[in-house]
Every structure is written in structure tokens, then in C-alpha cells.
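A.B. asks: Residues per chain are reported as follows:
2 protein chains.
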Amino acid sequence: MAARAGAWTTFEARMQEVEDLSDVLSVIGWDEQVMCPPSGRAARGQQTATLATLVHERVVDPAYGEAIAELSANGEDLDDAQRAMVHLARHHRDRAVRVPGDLVRALAEQGARCNVVWEQARRDRDFSAWLPELEPMLRLKTQQAEALADGGDLYDALLEGFEPGMTVAQLDPLLAGLRAELVPFVQAIFERPAPDASFLVGPYDRDAQRVFTERVVRDFGFDFDAGRQDVSTHPFCGGPGLGDVRLTTRYYDSLEPGALFSSMHEAGHGLYEQGLPARFARTTVARAPSLGLHESQSRFWENVIGRSHAFWARYLPAAKETFGGALATVDLDTFVRGVNKVERTPIRVDADEATYNLHVLVRYELEREMLSGAVAVRDLPEAWNARYTDYLGYTPKHDSEGCMQDVHWSWGELGYFSTYTLGNLYAAAIAERMAGDLDIDAHVAAGEFGPILGWLRERIHDRGSLTRGRELMEEVTGRPLGHEAYMAYMRGKYGALYGVE
Amino acid sequence: MAARAGAWTTFEARMQEVEDLSDVLSVIGWDEQVMCPPSGRAARGQQTATLATLVHERVVDPAYGEAIAELSANGEDLDDAQRAMVHLARHHRDRAVRVPGDLVRALAEQGARCNVVWEQARRDRDFSAWLPELEPMLRLKTQQAEALADGGDLYDALLEGFEPGMTVAQLDPLLAGLRAELVPFVQAIFERPAPDASFLVGPYDRDAQRVFTERVVRDFGFDFDAGRQDVSTHPFCGGPGLGDVRLTTRYYDSLEPGALFSSMHEAGHGLYEQGLPARFARTTVARAPSLGLHESQSRFWENVIGRSHAFWARYLPAAKETFGGALATVDLDTFVRGVNKVERTPIRVDADEATYNLHVLVRYELEREMLSGAVAVRDLPEAWNARYTDYLGYTPKHDSEGCMQDVHWSWGELGYFSTYTLGNLYAAAIAERMAGDLDIDAHVAAGEFGPILGWLRERIHDRGSLTRGRELMEEVTGRPLGHEAYMAYMRGKYGALYGVE
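Same order as they appear, the protein sequences are chains A and B.
Counting from 1, one number per residue, gives the positions in the first sequence under my numbering.
Counting from 1001, one number per residue, gives the positions in the second sequence under my numbering.
Rather than coming from a laboratory, the hints here were simulated on the basis of the structure.
Since we're looking at a predicted model, the values are computed, not measured.
No residue lacks a Cβ here, since even glycine has one placed at the ideal position from N, Cα and C.
Some clues are possibly wrong.
Claimed, not checked - The calculated label-pair distances, taken between Cβ atoms and stated as ranges, are:
(1) Arg1139/B x Ala208/A: 52 to 58 Å
(2) Ser72/A x Glu1382/B: 57 to 63 Å
(3) Thr334/A x Asp1225/B: 50 to 56 Å
Claimed, not checked - Residues of chain A clear of chain B, computed beta-carbon distances all greater than 12 Å:
(4) Glu19
(5) Gly65
(6) Arg282
(7) Leu438
Produce the complete structure using the sequences and hints provided.
C.D. replies: This is the structure in C-alpha cells:
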């Protein structure tokens, strides 16, 4: 039986409205991080909370639910894309109706407040200043997770919002398997002589970094007529997407950590956003289906491409010309070893490819323990430092290089970090499959990124959310999710760089 | 009888919501002009239209109307500020309910579309490219005016949204009186030898202009922790206000037209916004009561202060130090005559203080004729050029220095230009009254802007919309609205500069 006349019209109008308003939230969120003057932050928190609450209200409106139910039950007349739109809207709405509007507002307001306090507390290295705002945030997140979980696992309930279909039951063995191989592998690297990376310290001229970085990002295929790059404390990719993608980066005097690899990373996200199916603009399918998949794109461009021997075979001469100084006498092999140096370091965003997943693991475990009540928020510094000592062999010197380093928890983003590791696993599996179709190194060494981007566009970006993330990845990579491709990639790359096996 | 319990709670919550969402519209409107990449403009138009339509829906919601009616009828328990909030919300809502939601959306969508086309058409000097988007915009504005006017004058209906209480019946004699004095006065100036202003051409280093301009604006009292200054094609003051005020300017090689006086002008608006009563944030009274009053502040800082002999007595040495070059040998009197040069020019935003109101008069008359149907949109170039020839003695060479020069009509801002002249009249009356309390020139020459800003803050900015604009102006200036203070100011200033009477 065909759906009742008018159900599609009702559905489509509301879906477009919700998508438009979500895009507005993206714009003002970007603005808050990049443009908003200090004295405007508090009011911005109110504005965001009001709009977020209103979007929630529009989503849970029974009329929208009835149209979705009608189209779900009697959707024979719909095409595949329309069915996917309805399916995604239903998934989103089913979750939204479990969360009271007051809680939506409270989360948004507390996020804005907690973020402002965190920024100062992090500068002051003062966990006790952050604690009074983080505790209520965790209480609110726990309430939200309980409302969403409906008796199930709290972490699963939050993760579902970022990585639909993924659960702790799948993650735990996956991460345990990864950890079992990765920890001794990293240990073996630590036992090798550390490469020389002193040339990365600089100082490198910041404006020259900007120019060089923009060139690389443009070469990758990022369209500056459909996007921009600005500066923020924490690099991110924001904006509404499609024709308006906003990268941010940050400039230090050093090349690494620095703007260059951050920009490549965010450009990976941005290329995905610019490649989403424009023919489905203002619908639920013109979005990435999962954060893990999104992160696979950023890690692919940053690490698989940007830290490769082939890339620097092409770009090191240009970098030398741009920067001169300490770089002038560095040869290609030394440079590549330097930008792939593996270290015991405290900061996740500056971590190398090999230790990165251990940083994530600490967060994954602590989030689960905070949600279950096994770790109290006030005990976070101690629990954090113990786990860093254990997994990374590094004990943070203060909380700003410890449990206060990330922006996520202040905004209430729990259940999110594990998607970073999924992104790493996906990126390696994608690269493995792409290598069957393309000579990646040859294209990169020739500065031809078009075939690489085209491959990703056709198989991933242009698919939007027409297929669920997990199924799309299995289709693209031709294998079930696992850590094998990632470890093979790591052994290949770091084996060559460090002489480990 | 006291208002029904709960009416205030209902009213306040909805008012705050509407104010928050209006602030979001301000942020994304600023972003569209300053940050949005070209390919993002079309989607931004949709996003803005969706949010504007939603705000309209929240305003016209009967529950809000009932709370307003209850509080209007039985508001004895309210304090004066609360009564003013209710009164303003009622005024706003009474107008909103006359305009169908579909028309609100159509106006927003057409505004975004027309603006994009206008930008290109203006670059191409091609009125015929703009016409197909301007015609439907005028039709929509006429529909809106008819809905608002309810049988009354169409121009009045639009003007009421910008300058509440002002009508054509008051404006016509006011502007006629002004014109009768101003045209021969300007004519007398034209008959005098033109001052040397060649030193203004430059080239002046653009970054040095930025530094100097930011210094001046900061000296005026603009708080950069509660605001910012960026670049846009058309300078404006945007953002949500209070703690987040966004000035824009634009840099040319010349000093005039250039960034400096544009920045002073927008800073005048910005100082007003930063001085609005923060204790009434998120209410209808934390806004300026009229655009004319807003413009009075920008004209005051730009012209009364920024183009004064006293100002340059203090700042010319610093300007010489900053810019050097052509400026090094210019003496104070020459400089002040130069930045007050009166000319027959085609562009309103670059016009001098003496001819400016004649530019406005052309627009005021043409808007009324377009709304009445006396002038068709397609005949606009001819009508425009005829009137410029008549009033200003200048015939535009092409439509980009003619009827396509302003951004307003593309956005549907009709009934707006006349408030610019009201701003000039108000500014002169304010200065006249202020001179009774303060030695303005002495303070300016000493670089002490605090007492001047303090005077404006106390009497105007901090009053928000507690009092209607017209009554507030009469209270501040101690006289009814007229052109006398303005002409006295002009005769005093330009008499001295040009030797006219």
C-alpha cells in the first residue's frame, strides 16, 4: 500500500527545516570557536541552547513522527534514497524523543559554560577550577545516556549517536586485539634509536607555514571557493558542509607539532564534506554515516599520504625553498623519519601514528568507568595518570598535559573518542584496498591527488548516508572490521623506518 | 486587576527565545557578508529563510499573543521596564501577524538570491542582469507593505519597522524644509574654490590604515573584548550586540574614501550596541528604539568628532608618523579642509556631510514612487539619473555608480534610507545639547573621549528601548525634531571652512 498522500510532503519539509537549522548550529558553533569575542561567549551559549532546544522540539513533534511512521510502513513508492532519508530521520527521531527538551537545553548551556571554564583552567593547570563544571556535565550526560539506553549499556547509548550500530560488545574485543599487538610493537620501536627530529623545532615563519599549508591542502583538492581555513585553539573541521566547509588550524614556531599536519588532517574531513552528494542537499543522507568513517578520511590524508616517503619526495624541495633555515640541509630520509618519530608523549593531538590509539584507549576506558560510576570525576587526574604511565610509559607532569588536555568532555562529547581509533583502522583498510586499484605512491610522488580523491569520492564521499557506515566500509574494503589491515600497514611503514618487525 | 499568574512566565520565555534566535540571525547574517565562501551562499539563503520563518512562527503563535494581551490589559504588577518589554513585543507581534509566514520565507529567499546577483551585476555594470531579481523583490515588498499598511500608506508601513511613530506626513515637510535650505547652501559651497584634497589619494599602506583605524576606534571607547573589526565589501555594524559587536570596514589605497572614516562611522553604531543596558539582555528593550537614533551615533562619531579640527589637532601628528609619504607636509588646516571637502559625487557612502542628505532624498522619493507604481523598476536607471542631475548636479556615468550602488534594495530594505537623514538631524541636535554640558572640542583635542561617551551612554545608550526613539530624542535634545540644529551646525562648520554663510 502506498503511503498516505501528503506524508512525503510533510516529511520532506520538516527534514529540510531540521537540516537547515542544524547547519545554522554548525555555523554559530564554528563562529563561537573562531570569531566570537570573549564577552560574547556567555550569550552565545544561550543562543545555541535556544536553537538546539528548538531543533529538538521540531524533531520530536508528533506530526513528523506520524509522517515518518507512515512512510516507513508504506514506502513502496519511495526510491532508495528517499527510503534512506526516512530511515535516518526515524533513527534520529527515535533517539530524540527519549531525551526531554529541558535536558537538551541544560546540556547545551552546561557545555558552553564548562568550555569557557575549561579554557581558563587549562591555562592555569588547575583541575579544581574545572571540576565544579565537569561534575554537573557528567551528571547530565549520564541522565542523557540513561534516557537513551532504556536499560542497556550507557556507553553504547552515547556511541550510537556517533557510530550507529557499533557497541561495546564489538569494540572491546576489537580494541583488546589491537592492544595486544600494538603495545609490544610500540615497545619494540621505543627500543630502537630515536631518529633525529631536531630540525622540526624551527622556528619556522608562521606566515610561510600558512602559505605552504594552504598550497598542500589545495593540491589535495580542497576547494577554497567552497570553504576556508582559519585559526582556532583546537583545530577542527566545521561549517554546514558541501559548499561551505570550514577548516581550522593553529600555528606554532615548530613544523611538528604545527599547522601543516593539522591542516592535512582537517582537510581530510573537509574533502569528505565537500564530496558529499550535493543532489541530496538538505536531506539526512547528505551527511557522513559515522564519525569513524569521517576520521578515516582525515587520518588517510594526514598519515597515509601526508607522512609518506612519496609525498615528501615531491614536497620537500618546495618546503626547503619556503622555509630555508634548519630545513636546508635535511635529506629526504631524515625528514620522513623525523615526521614519523614515535615518542612517549602526553598530548593526544600531537601524538604519532603508532602511539595514538593508546591515547584513545585511555579515554575509552575512563569514559566507561565514569559512566558506570567506577571512577568519580574528582578522581580523574589520578586515574588518568595511572593509565598513561601503564599504557604509554609517560606520567603527565600536570593536569593540562593530563586529563584536561581535550576539549571534548567540556562539551559533553562522551562516547566519541573510540571513533578515532575506528578511523585509523578504516583508513588502513581503505588504503590497502585502494592500492589494488591505484599506484598510490606513484600518484603522490607526481603530485597527482586527483585519482586518489576521485577513488574516495566515488566509493565513499558521494555515497553520503545512503548506506550505513559499517556496511559501506565492508563494501569498500571487502573485509569485515578488524585491526589486521592497520597492523599490516604499521608493520610495513615502521618496519622500514625503524627496522622493527 | 493583576495579570493572570503564569502570563509573565510565558511571555518572558518566548521573548527570550525570540531575542536569542534574532541574535543567531545577526550572527549568520554577519557571517554571510564577511566569512561565507562563495559556494555556500545559496544554502545560506535557505538556512536564513528557514530560521526567519521559524522566528516569525514563534512570534505569531497565539499563546504569545494571549500572554501579551493579558499583560497589556492587567499589568499593574509590572515595573516600568517590564511594561516597556510587553509594549514592544506587542508592537512587533501586531505587525508580524499581518504578514503570512510564506511571505516571510519568500522575502528572505529572494533577498539572498537578489543580493548574489546584484554583487555580480554591479561588478559588470549591468542593470539588466539585476532587474529579473529586483522586480520580484519589489513585488514581495509591496505585498508586505500592503499587508502591514492595512489600507494606509505603503511607505509608512515599511518605515514603521525602522523608525516607529514616524510617517510620511511628518517626513515630507521636514525633508522639504531641509532641502529648501540645504540646496542653496551646498550651491554656495560649490561656488567657492575647492580645497586641496590631493594628499588623500595616497597610496596609504593598508595595514598601517588598519592599525591606525583600530587605535582610533579603541580610543573612542570601542571594547575589542566585546567586539571585532573585519573586512566586507560594504561596511556595516552587525552581530548580536552587547558583548559581541561586529564592525566591518574596507581598505582602499586612499585615506578618503577609505577605512578610517568608515570605521569611525561603524564604531559609532558599535559603541551604541556595547552601551545598551546589559541588565535587560534577552529582552526587547536591550535594542535601540529606532534606526535614526542608531544612525545619529554613527554620524556623531564620524562627522562631529572624526572630521573636527580638534580631533586632527590631536591625531594628525600620529597619522603623519604612521603614514608618512604624502601626508608629511600637510598642515592641520589643509588636512581638515581636505577631509571636509564638499563635492558633486555619485556614491552615497563616500559622500561628504553637506551633500549626503541629497543622496538620501533621491532614494526616499524613488522608493515612494516605486511603491506607488509611479516608477517601474525597469525605469529606475533613468529616474535615478534624472534626479541626481537635478539635486546634485551630477549625472552617473553608469548604473554601478547610479541606481545599483547600494546593497539595501537587494535585501528588500525599503523605507530605510530616510532614517539616515534623521540620523544626521539627530546627531547635530545631540551635539548642540552636549555642548551645553561639555567642552567637546577641549576633550577631543586632549584625546579624552570618556566624558563624551559617558554623556551618550547615560542619556541614550543605557536607555535601550525603555522610551520610544522620538520621545527619547526630544528629552535628550530638549527640542522637537527639526532641521534647525543641523543647519546651524552646517553653517558653523562649513562657514568657517569655506567662507560661506
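A.B. asks: Look at each hint and say if it fits the structure.
C.D. replies: Hint-by-hint comparison with the structure:
1. Arg1139/B x Ala208/A: 52 to 58 Å: holds (53 Å)
2. Ser72/A x Glu1382/B: 57 to 63 Å: Cβ of Ser72/A to Cβ of Glu1382/B: about 59 Å, so the range 57 to 63 Å holds.
3. Thr334/A x Asp1225/B: 50 to 56 Å: violated (45 Å)
4. Glu19: violated (9 Å)
5. Gly65: holds (19 Å)
6. Arg282: violated (7 Å)
7. Leu438: holds (28 Å)
Hints 3, 4, 6 from the list above are not met by this structure, while the remaining hints are.
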